[in-house]
Structure formats: structure tokens, C-alpha cells
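Enquirer: Each chain, written out:
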Amino acid sequence: MEQLVANILYSAAMIFLVGFGFSIIFSTARFFHFAHAAIITAGAYIAFACLERLSLPFLLSILIGLVGAAALGWCLERGLYRNMRHNSATPLVLLLASLGIYIVIQNVISLAFGDDTKVIASPNISPSVCILGAYFTYVQILAVTIAVATFLSKVYVLDKTRIGLALRAVSCSPELSNISGIDLGKTMGFAFFLGSFLAGVSGILQAYDVGMMPTMGLPMLLPGVVAVIVGGNGKTAGLLIASVILATVQELAGWRFGARWEETIALLLLLAFLMYRPQGIMGKLSKIATS
Amino acid sequence: MEYILQILILIGIYIILSVSLNLIAGYTGMISIAHAAFYGVGAYATALIAIQLHSPFLVNVLCAFIIGGLFGALVSLPSLRMRDDYLVIATFAFQVIVFNILNNWDAFTGGPVGLPSIPKLTLLGFNLSSHIGLLGLVACFCVIVFTLIHRIVNSPFGRVLKAIREDEVLARADGKNVVANKVTVFIIGAGMASMAGSLYAYYIGSVDPTGFTVMESIFIISIVIIGGAGSERGPVLGAIALVLLPELFRFIGLPNSIAANMRQILYGGLLVAFMIWRPSGFLGKFSFYTKGSANE
Numbered sequence: 001m002e003q004l005v006a007n008i009l010y011s012a013a014m015i016f017l018v019g020f021g022f023s024i025i026f027s028t029a030r031f032f033h034f035a036h037a038a039i040i041t042a043g044a045y046i047a048f049a050c051l052e053r054l055s056l057p058f059l060l061s062i063l064i065g066l067v068g069a070a071a072l073g074w075c076l077e078r079g080l081y082r083n084m085r086h087n088s089a090t091p092l093v094l095l096l097a098s099l100g101i102y103i104v105i106q107n108v109i110s111l112a113f114g115d116d117t118k119v120i121a122s123p124n125i126s127p128s129v130c131i132l133g134a135y136f137t138y139v140q141i142l143a144v145t146i147a148v149a150t151f152l153s154k155v156y157v158l159d160k161t162r163i164g165l166a167l168r169a170v171s172c173s174p175e176l177s178n179i180s181g182i183d184l185g186k187t188m189g190f191a192f193f194l195g196s197f198l199a200g201v202s203g204i205l206q207a208y209d210v211g212m213m214p215t216m217g218l219p220m221l222l223p224g225v226v227a228v229i230v231g232g233n234g235k236t237a238g239l240l241i242a243s244v245i246l247a248t249v250q251e252l253a254g255w256r257f258g259a260r261w262e263e264t265i266a267l268l269l270l271l272a273f274l275m276y277r278p279q280g281i282m283g284k285l286s287k288i289a290t291s
Numbered sequence: 001m002e003y004i005l006q007i008l009i010l011i012g013i014y015i016i017l018s019v020s021l022n023l024i025a026g027y028t029g030m031i032s033i034a035h036a037a038f039y040g041v042g043a044y045a046t047a048l049i050a051i052q053l054h055s056p057f058l059v060n061v062l063c064a065f066i067i068g069g070l071f072g073a074l075v076s077l078p079s080l081r082m083r084d085d086y087l088v089i090a091t092f093a094f095q096v097i098v099f100n101i102l103n104n105w106d107a108f109t110g111g112p113v114g115l116p117s118i119p120k121l122t123l124l125g126f127n128l129s130s131h132i133g134l135l136g137l138v139a140c141f142c143v144i145v146f147t148l149i150h151r152i153v154n155s156p157f158g159r160v161l162k163a164i165r166e167d168e169v170l171a172r173a174d175g176k177n178v179v180a181n182k183v184t185v186f187i188i189g190a191g192m193a194s195m196a197g198s199l200y201a202y203y204i205g206s207v208d209p210t211g212f213t214v215m216e217s218i219f220i221i222s223i224v225i226i227g228g229a230g231s232e233r234g235p236v237l238g239a240i241a242l243v244l245l246p247e248l249f250r251f252i253g254l255p256n257s258i259a260a261n262m263r264q265i266l267y268g269g270l271l272v273a274f275m276i277w278r279p280s281g282f283l284g285k286f287s288f289y290t291k292g293s294a295n296e
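Respectively, the protein sequence lines represent chains A and B. The opening position of the first sequence corresponds to residue 1 in the numbering used here, with each subsequent residue numbered one higher. The opening position of the second sequence corresponds to residue 1 in the numbering used here, with each subsequent residue numbered one higher.
If you're looking for bench data, these hints aren't it; they were derived computationally from the structure. Any given hint could be a false lead.
[Stated by the list, open to error] Per the computed footprint, the stretches of chain B lying under chain A, defined by three or more beta-carbons under 8 Å from a beta-carbon of chain A, are:
(1) 211–222
(2) 259–267
[Said to hold, decoys possible] Some chain A residues well away from chain B (every beta-carbon gap over 12 Å; in silico):
(3) Arg30
(4) Glu52
(5) Leu96
(6) Val108
(7) Cys130
(8) Asp159
(9) Phe190
[To be verified] Only some residues are given here: those of chain A computed to face chain B with a beta carbon under 7 Å:
(10) Phe32
(11) Val93
(12) Leu95
(13) Leu99
(14) Gly100
(15) Ile101
(16) Asn107
(17) Leu270
(18) Leu271
(19) Ala272
As the structure is a computational prediction, the values presented were derived from the model and not from experiment. Where a beta carbon is used, it is the ideal one built from N, C-alpha and C, also for glycine.
So here's chain A without its partners, still in its complex pose (with noise of 0.2 Å):
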């Protein structure tokens, strides 16, 4: 029972980060950036590459791995995704093209590093911790606490400062906000580097605690998603609620009727939202309808 709890507690925190990071580009550029998987896994990989090809320190490693995620999703945006919003690209498209591009980045890994699952190796071997009774590993209190950070620090990075400020402006009304003097090109830029930012944390998180795969990304990706859709467009309190609830209906299907039927659970469940409530958990109908 009480690994169960525990479970749900680490399943919730992971869920919250890959939602969180893939919401942030979603309210900001207002389109499904599934390429955010790619990135997930680019960025487990990168840390992977610095380690074990390039032999350099852990925590060196780890950085690159984050900031190279940060900035490969940073150049999606810049490269790819303005030049098709400056051709009047529809978010229909850009999806599509988001697509694209996760098969592509996910083929190049694959090509580069091979299909079998890896693992980053910390130095030290960690053994697990057990605290009131339920098991974590070293990571999954780790990950835990990232999240938990995460959801603490939005409240100071999303309300108080300028930028935080730009971004909610620009996911509210890209119009009005170009208008009022924000610049738009920087604001979708960093919306995609804290989000890629986000999804590499996500992804050697994974890669350290259980492993990697050049396709774990889209199987991390859809639980997030889900969260984001059930929470409510643009409220993250919503999407702290959501990505629990989500972990829980997870964990005790699984724990119900075999842990392979936890993506069906979730998908069932942000098929249900979409049909009778679109709007989440705590959003409201009308965000919707503006795009």
C-alpha cells in the first residue's frame, strides 16, 4: 500500500514535469510540439554522449545534456516553427510538421547510438532508500523534489518576472501582445528553451533511473499530455492536480490489471476529457475557442 503511494508519488512528479515543460511551448505558441519527445530523448542522449563517448565528469555531462536539449528545442523554434507562423502556418500543420521532425530526431539517435536500452551510470551505486515503509531509488526522490521545486519556482519565475510575464501575455493573445510592445520572436524562443529545458530534465531523470531508448520519449510525452488537457489550458495548479490524479488512475489500473495497460488507461481518459470537457479540470471553455 505504501509503495503504492510511493509509486504514485514519483509517476505524478514525472508526469508533472513532462506536462509542465510541454505546456509552457503549448499555451505560448499554441500548437502540439511533438517533437518535445525528440527532445526528451536528445537530451537523455546528449548526456549520454558526453559521458560515455567524450568521458567527461557527471554533472558535466548532465548540464550539457539539459542545456543541449534546451537549445535543440530553442532551434526548432527559430529555424523551423517561426518561418512556417510567418507563412500563416495553421496549428494543424505545425503539428504535422512537429511529427515529422520527432521521426527524424528520433531516427538519427536511433542510427547513432543503436535501439538497445542504455543507462547513465552515476559514479556512486545508490542503493534504495526506504522511507515509512514504501521504496524509492536515489532518483525517484530526486525527481520528486525537481517537481516539486518546479511547481514552487513557477509561482517566482511566471508571476514576478518580465519574461514570465511576456509569456503569459503571449499565450493569452499573441496579437495584443505584439502590439503592447513584447517581442514576440524572444518570447517563443525562451517558451521553447525552458520548455526543452524541462523536457531534458524529464529525460535523464528517466535515463538514470530506468534507462533509455531512442523511442522512450513519445510513451513519456502522452501521460504528459494527457495531464495538460485534463488540467485546464494554462493553469498549472490544474496541471498539479492532473498529473496526480492521472498517476493514481495509472498506478491502480496497473496495479489492478497489469502494468502494460497503463497508457491505454490514460488515453481512455483524455479521450473522455475531450469528448465532455475540453476545457480541463480548471480551465475555462473560451481559451479554447480563440485558437
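The hints should help you fit chain B onto chain A, whose structure is shown.
Expert: Same frame as chain A, but now just chain B:
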């Protein structure tokens, strides 16, 4: 020679798949990445019925069409409430759910291993299980499906579909029963994809889930987009091009392990390129950039 026959069979199957998806996506404007789910449902339905009941080929194909059509009706429900990118997400979810069911419901679908040894295909007493026979059958189905689509698209029903694509609200205001039309077109498109699945099951001789993943769905919609959505011949050209091009990799000596990845990079890259520069595809009449068509 065998190799050429196999390529031609695959081209035929993908022509059926892309032409049927074109009906849903290109003519009615509902982009769907659930098509591999219908494809898989048809293949599995055929396999199950053929293995359990040893029924004749035409019965199996008919059953596959019906079951696929039912799944199509199911997928049409989200399309009544969502459009464009949200519909893509819904169909994406549906595709992954179906794949997971095929992959995980061991008792019914054989799980990741699938269902082996489908009985050989005999039609009217002729044993058609050789590749030449199968190619002839696939070609017949191609012609039938293509002709059907041609008739549908140039009929009043087809015009309503295009109207839905151009301006759904206007179509509804004009009194067209948009709901019935959307459900119908999904049933027809899904049923045809399931028939392609039937043929595929007989071609391979067994079914397993790996041929019906999300990537397969994306491949099929890429064919439709690159070939040209909303035109009759576009998907045919797309199917021929996207099945043949990766085979060229084999001729320039790429090892098999790399070839699979290169194939995906090819159509992923083409998808991005066409989305940037020519979203209506080679022969297409429907650009997804604005509601409404590019050239008409």
C-alpha cells in the same frame, strides 16, 4: 522477381490504405492518424475468423470490412466534436489504444507474438496463396476501391464532403446532415482500410502488432499528404513513391539495419518539407494552411 512481386503487393496495399484515408482526410478535411488501427483491426479480424472458422476468403474480407466499419463509426464520434489538431490528438489516442489492445490482450489477439499460420487463400477453388496470385487479387481490390472512391467523390455525397472540408458551419446551415456524412465517410474509409488489412494478413500468413503502430499511421497520412490530399490520383502517386524510394536505399548498398531508420527519416523529412513548402502535396487540391482548398 519475387522481390518485385512483393514490392508490388505492398504498393497495392498502401494504395488502398492511402486512397481510403484520402476520402476521410483529403476530401472531408478530417486528418486522422488512426488509419493503421483500422488496418490492424481488419488484419486481426480476418486472421481470427480464418483460423477459428476456416471460412472462405470473401466471407473473411466482408467481416473485416464490417468490423472495420464499426471501428470507423467509433472514431467518427470525436470528429463530431473536434476539428483539426484536436481531432488529430483524439485519433492518435485511439490508434495507440487499439495498438495496446492488440499487443496486450494475449488471450484474444496473441499478444506481441500475434496469430500465426493463417489458412491459405483460396478463391473460387483457385489457390491464390502464391505471390503472383496474391498480386492479382490485390490489384483487383485496388481497382475496385479506386473506382468506388471515384464514384463517391464525384457524386452529390462527395460534394457534401468537400463542403464539410471547406466550411462545415456553412454546410450545416445549408441543411446538410454533417453528422451522418462524417460517420458514413469514416465507416467507408475504415472498412476499406480493414480490407487492406485482410489482404496483408493473407500476404504475410500471420499477423502481429508491429505492423500497426502509430508510426504506420503517420506513414499512411504522410503518403496522403505528400501524394496530394483531395485528389484522386495523389495518394496513388504517394503510395508508389513512398514505398519505392526506401527500396532504392537497398540498391545503393545500405545495410538492412540502417535501411529501416533511413526509410523513416525519409518520410519524416518529406513530411516536414512538404508542410513547409507545399502542403497540398504533389497532386493535391487541398492545402491544410487555410480552411478551404489551395487551387480551386
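Enquirer: Find the hints from earlier in the document that the structure breaks and name them by number, from lowest to highest.
Expert: Numbers 3, 5, 6 and 19 - these are the hints that the structure violates, sorted from lowest upward.
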